[in-house]
Amino acid sequence: MKYVDEFRRGDIARGLAAHIRTLVQPDRQYRLMEFCGGHTHAIARYGLTGLLPDNIRLIHGPGCPVCVLPIGRVDSAIALALRPDVILCSYGDTLRVPASNKMSLYQARAQGADVRMVYSTNDALQIARDNPHKQVVFFAIGFETTTPPTALALLQARQEQLANFSVFCNHVLTPPAMRHLLAAGDAVQLDGFIGPSHVSTVIGSAPYAAVAEEFAKPVVIAGFEPLDVLQAVAMLVEQINAGRTEVETQFSRAVTHDGNQKARARVAQTMTLRDSFEWRGLGQVPHSALAIHPDFAEFDAELRFALPYRHVPDHKACECAAILRGQKRPQDCKVFGIVCNPDNPLGSCMVSSEGACAAHYHYGRFVQGATA
Amino acid sequence: MSKPYTRPLDLKHGLVNLTHGSGGRAMAQLVSELFAAEFANDWLAQGNDQAILPPPGTRIAMATDSHVISPLFFPGGDIGSLAVHGTVNDLAMGGATPLYLSAGFILEEGLPLADLARIVRSMAAAARDAGVAIVTGDTKVVERGKGDGVFITTTGVGVVADGVKLSGDQARPGDVILLSGTLGDHGMAVMSQREGLGFASPILSDSAALHTLAASLMAACPGLRLMRDPTRGGLATTLNEIAQQSGVGMRLQENAIPVQASVRAACEFLGLDPLYIANEGKLVAICPPEQAAAALAALQAHPLGQRAAIIGEVVNDAHQFVRVATDFGGERLLDWLSGEMLPRIC
Numbered sequence: 001m002k003y004v005d006e007f008r009r010g011d012i013a014r015g016l017a018a019h020i021r022t023l024v025q026p027d028r029q030y031r032l033m034e035f036c037g038g039h040t041h042a043i044a045r046y047g048l049t050g051l052l053p054d055n056i057r058l059i060h061g062p063g064c065p066v067c068v069l070p071i072g073r074v075d076s077a078i079a080l081a082l083r084p085d086v087i088l089c090s091y092g093d094t095l096r097v098p099a100s101n102k103m104s105l106y107q108a109r110a111q112g113a114d115v116r117m118v119y120s121t122n123d124a125l126q127i128a129r130d131n132p133h134k135q136v137v138f139f140a141i142g143f144e145t146t147t148p149p150t151a152l153a154l155l156q157a158r159q160e161q162l163a164n165f166s167v168f169c170n171h172v173l174t175p176p177a178m179r180h181l182l183a184a185g186d187a188v189q190l191d192g193f194i195g196p197s198h199v200s201t202v203i204g205s206a207p208y209a210a211v212a213e214e215f216a217k218p219v220v221i222a223g224f225e226p227l228d229v230l231q232a233v234a235m236l237v238e239q240i241n242a243g244r245t246e247v248e249t250q251f252s253r254a255v256t257h258d259g260n261q262k263a264r265a266r267v268a269q270t271m272t273l274r275d276s277f278e279w280r281g282l283g284q285v286p287h288s289a290l291a292i293h294p295d296f297a298e299f300d301a302e303l304r305f306a307l308p309y310r311h312v313p314d315h316k317a318c319e320c321a322a323i324l325r326g327q328k329r330p331q332d333c334k335v336f337g338i339v340c341n342p343d344n345p346l347g348s349c350m351v352s353s354e355g356a357c358a359a360h361y362h363y364g365r366f367v368q369g370a371t372a
Numbered sequence: 373m374s375k376p377y378t379r380p381l382d383l384k385h386g387l388v389n390l391t392h393g394s395g396g397r398a399m400a401q402l403v404s405e406l407f408a409a410e411f412a413n414d415w416l417a418q419g420n421d422q423a424i425l426p427p428p429g430t431r432i433a434m435a436t437d438s439h440v441i442s443p444l445f446f447p448g449g450d451i452g453s454l455a456v457h458g459t460v461n462d463l464a465m466g467g468a469t470p471l472y473l474s475a476g477f478i479l480e481e482g483l484p485l486a487d488l489a490r491i492v493r494s495m496a497a498a499a500r501d502a503g504v505a506i507v508t509g510d511t512k513v514v515e516r517g518k519g520d521g522v523f524i525t526t527t528g529v530g531v532v533a534d535g536v537k538l539s540g541d542q543a544r545p546g547d548v549i550l551l552s553g554t555l556g557d558h559g560m561a562v563m564s565q566r567e568g569l570g571f572a573s574p575i576l577s578d579s580a581a582l583h584t585l586a587a588s589l590m591a592a593c594p595g596l597r598l599m600r601d602p603t604r605g606g607l608a609t610t611l612n613e614i615a616q617q618s619g620v621g622m623r624l625q626e627n628a629i630p631v632q633a634s635v636r637a638a639c640e641f642l643g644l645d646p647l648y649i650a651n652e653g654k655l656v657a658i659c660p661p662e663q664a665a666a667a668l669a670a671l672q673a674h675p676l677g678q679r680a681a682i683i684g685e686v687v688n689d690a691h692q693f694v695r696v697a698t699d700f701g702g703e704r705l706l707d708w709l710s711g712e713m714l715p716r717i718c
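Protein chains in written order, with my numbering: chain A, 1 to 372; chain B, 373 to 718.
Keep in mind that a hint or two might mislead.
Unchecked claim - The list that follows gives simulated cross-link-like pairs (lysine-lysine, BS3-like), each with its CA atoms no further than 30 Å apart:
#	chain 1	residue 1	chain 2	residue 2
1	A	134	B	384
2	B	518	B	384
3	A	102	A	316
4	B	512	B	384
5	A	102	B	518
6	A	134	A	102
What the hints assert, rightly or not - Covered, in the sense of this in silico footprint (three residues per stretch, anywhere, with C-beta under 8 Å from a C-beta of chain B), are these stretches of chain A:
#	segment
7	36 to 48
8	215 to 222
Said to hold, decoys possible - Derived CB-CB ranges, DEER-like:
#	chain 1	residue 1	chain 2	residue 2	range
9	B	691	A	156	44 to 52 Å
10	B	414	A	112	46 to 54 Å
11	A	111	B	484	30 to 38 Å
12	B	691	A	254	35 to 43 Å
13	B	691	A	163	53 to 61 Å
14	B	661	A	184	50 to 58 Å
15	A	214	B	679	50 to 58 Å
16	A	265	B	442	55 to 63 Å
17	B	691	A	303	50 to 58 Å
18	A	160	B	387	28 to 36 Å
Rather than coming from a laboratory, the hints here were simulated on the basis of the structure.
For every residue, glycine included, the Cβ atom is placed at its ideal position computed from N, Cα and C.
Please construct the entire structure, taking both the sequences and the accompanying hints into account.
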């Protein structure tokens with residue numbers, strides 16, 4: 001398959017891996033956090049860890065959209081979905097996220113809620129057009145990658161005066177989360193970041209400069225294909241060896257310095273920065289999420305349905321918080337693979353295949369082989 | 373036979389209504405003008421509540437399968453042909469020669485009779501092609517909104533020759549795993565037709581009766597351990613089932629597994645894995661290594677097995693893991709499918 005297979009070639013991977021082995025200094029540790037779930041998935045899916053020398057450690061970051069969604073927000077979505085007048089539209093993975101009282105959107109659906117899985121905000125708009133007597137709510141989640149489609153849906157809804165459409169906005173932002181991870185008192189020791197791929201096509205490489213400078217950590221923005229990740233590792237090792245802390249772009253076929261300015265303009269027009277937002281695992285992170293802009297308040301589901309927000313603590317045995325902060329690995333969690341598995345996820349990291357736990361469960365657990 | 377109906381069934385514009393399932397004249401008319409006419413065979417013509425069949429052999433195989441597919445019609449097939457193929461294949465995978473089918477229809481009030489006729493004709497044609505007779509059946513009608521157009525359950529009976537012992541617990545370390553063709557065609561053909569997915573593709577379902585392919589394979593490979601058709605859950609699910617039943621592990625070569633370029637592209641686009649997508653006209657076979665070449669040749673010589681391939685081997689593994697050696701040089705676990713297959717977000 002053109003434009004895909006080129007980035008998955010085993011011979012090039014082996015060459016890159018050999019090159020990385022020549023670059024690393026044996027007495028040095030390289031602790032690299034891949035921020036995005038897409039990277040986590042590629043690393044697990046293609047067994048990249050096995051290709052790297054032992055003193056390079058890849059640490060999974062919080063960049064999995066469903067993983068960082070706090071339980072309270074999912075509870076609100078479930079409450080909305082259970083209203084008889086509401087059709088809740090959501091991206092696929094979200095349906096399985098465990099919430100309070102053993103509920104999930106899947107469970108809500110079994111109880112009669114009208115929950116529709118959509119591939120695009122256009123589908124949600126169409127459902128609103130087709131069901132004028134229902135309230136159609138789009139459960140918007142995701143990082144900067146998924147914000148422009150939500151922005152366009154809001155603009156389209158305004159243009160069509162689609163009064164029965166609204167958005168429950170839970171979009172979160174990458175650079176504030178990176179900053180938060182590095183600034184935390186119990187911060188995990190990191191030597192560099194594999195920076196977001198699709199996110200950066202929207203926001204560009206510029207927003208990471210402050211993080212790189214302030215915390216003196218190199219950032220290499222990398223694509224989601226396995227060769228992208230390996231090349232980014234090589235670039236990070238070179239920066240660390242040279243003592244550089246720059247923002248570099250490996251994913252130069254899609255990422256520019258300023259990103260997609262049209263998309264950013266639409267987002268700025270329709271959404272506004274929240275003072276603070278709860279992330280699962282990270283807690284309250286200042287200026288880390290978007291709400292619907294006051295100019296578009298008529299389409300804001302939080303206002304339309306007067307949704308309250310309640311903080312709900314994670315399950316006591318669940319280590320998602322430490323895993324999302326890079327402090328623990330999935331296999332360090334007592335319930336990993338036993339009580340918590342993809343069929344019965346206790347924590348959100350086990351839900352999406354981008355989640356650190358699910359990725360390790362699906363692709364890598366034979367490596368230490370102790371959980372079958 | 374005189375028919376006490378004033379007008380024939382309106383197969384062009386008519387709709388299924390509750391009287392078609394209520395046991396009265398309308399139901400009798402539907403059965404005789406559509407089902408009995410299309411499935412035409414002596415057993416059905418007797419018009420009794422049961423088909424009385426001659427003993428087919430010393431060992432009979434029996435299988436049942438319910439079909440609830442949406443949409444009813446998809447590129448490469450429809451629920452009617454699928455209902456025949458599904459059960460014929462379940463019999464054939466045990467080494468049985470399929471002989472008879474029963475068909476239970478649950479119709480939703482409002483279903484156009486034209487659609488029903490199209491489905492029944494397709495079913496009749498599939499049964500004729502497969503050499504099986506639909507010898508008994510049942511029809512019920514449910515109120516509008518309580519069904520999805522039509523649900524069909526077929527039960528099949530076949531005969532198994534003496535000495536044939538194919539079973540999911542027969543795989544042994546060292547055995548070779550064969551696959552009869554490309555993966556994911558059926559699932560992606562159906563998905564491309566679903567509402568709200570918004571992609572067009574030329575992918576056709578592979579829905580087909582596999583009993584002649586299975587028979588050629590059995591003839592060429594007397595040591596054959598087992599066959600199975602990787603339907604729901606795809607190849608990954610089928611191999612995990614076999615690994616568990618036989619208490620073994622498996623090691624596959626990713627680049628040996630045939631997948632059509634269009635299916636790969638659609639999967640890539642939607643964030644799905646072709647190894648988990650349903651097939652309706654493929655079989656997985658496991659055989660001793662010394663017979664693998666003959667088995668592969670037999671599969672490839674059959675029209676339904678032209679793209680057959682050896683995809684891996686059975687290994688010792690206390691964890692019963694199915695592993696895939698990736699083209700990339702790494703290894704990954706091919707796990708059971710969890711929940712429904714959902715697209716990723718980012």
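Hints, one by one, checked against the model:
Restraint check: the Cα-Cα separation between residue 134 of chain A and residue 384 of chain B comes to about 35 Å, which exceeds 30 Å; the hinted pair is violated. Between residue 518 of chain B and residue 384 of chain B, the direct Cα distance comes to roughly 24 Å. Compliance with the 30 Å bound is thereby established for this hinted pair. A distance of roughly 14 Å separates the Cα atoms of residue 102 of chain A and residue 316 of chain A; the hinted pair therefore holds under the 30 Å criterion. Using a Cα cut-off of 30 Å, the hinted pair residue 512 of chain B and residue 384 of chain B holds, with the two alpha carbons roughly 21 Å apart.
At most 30 Å may separate the alpha-carbon atoms for a hinted pair to count; residue 102 of chain A and residue 518 of chain B meet this at roughly 28 Å. About 27 Å separates the Cα atoms of residue 134 of chain A and residue 102 of chain A, which keeps this hinted pair within 30 Å; it holds. Counting residues of the segment 36 to 48 of chain A whose CB lies closer than 8 Å to any CB of chain B gives 9, so the stated coverage by that chain holds, three being the minimum. Remark: the segment 215 to 222 of chain A is not confirmed as covered by chain B, as 0 of its residues place a Cβ nearer than 8 Å to a Cβ of that chain, below the required three.
Evaluation of the 44 to 52 Å hint for residue 691 of chain B and residue 156 of chain A yields a pass: the beta carbon distance comes to about 50 Å. Separated by about 48 Å at the C-beta atoms, residue 414 of chain B and residue 112 of chain A satisfy the suggested range of 46 to 54 Å. Separated by about 33 Å at the C-beta atoms, residue 111 of chain A and residue 484 of chain B satisfy the suggested range of 30 to 38 Å. A C-beta distance of roughly 39 Å is found between residue 691 of chain B and residue 254 of chain A, which places it inside the suggested range of 35 to 43 Å.
Roughly 56 Å separates the CB atoms of residue 691 of chain B and residue 163 of chain A, a value that falls within the hinted 53 to 61 Å. The beta-carbon spacing between residue 661 of chain B and residue 184 of chain A, approximately 56 Å, falls within the hinted interval of 50 to 58 Å. Evaluation of the 50 to 58 Å hint for residue 214 of chain A and residue 679 of chain B yields a pass: the beta carbon distance comes to about 56 Å. Between residue 265 of chain A and residue 442 of chain B, the C-beta spacing of about 40 Å breaks the proposed range 55 to 63 Å.
Remark: the range hint 50 to 58 Å for residue 691 of chain B to residue 303 of chain A is upheld by a beta-carbon distance near 52 Å. As the Cβ distance of residue 160 of chain A to residue 387 of chain B is approximately 34 Å, the hint placing it in 28 to 36 Å holds.
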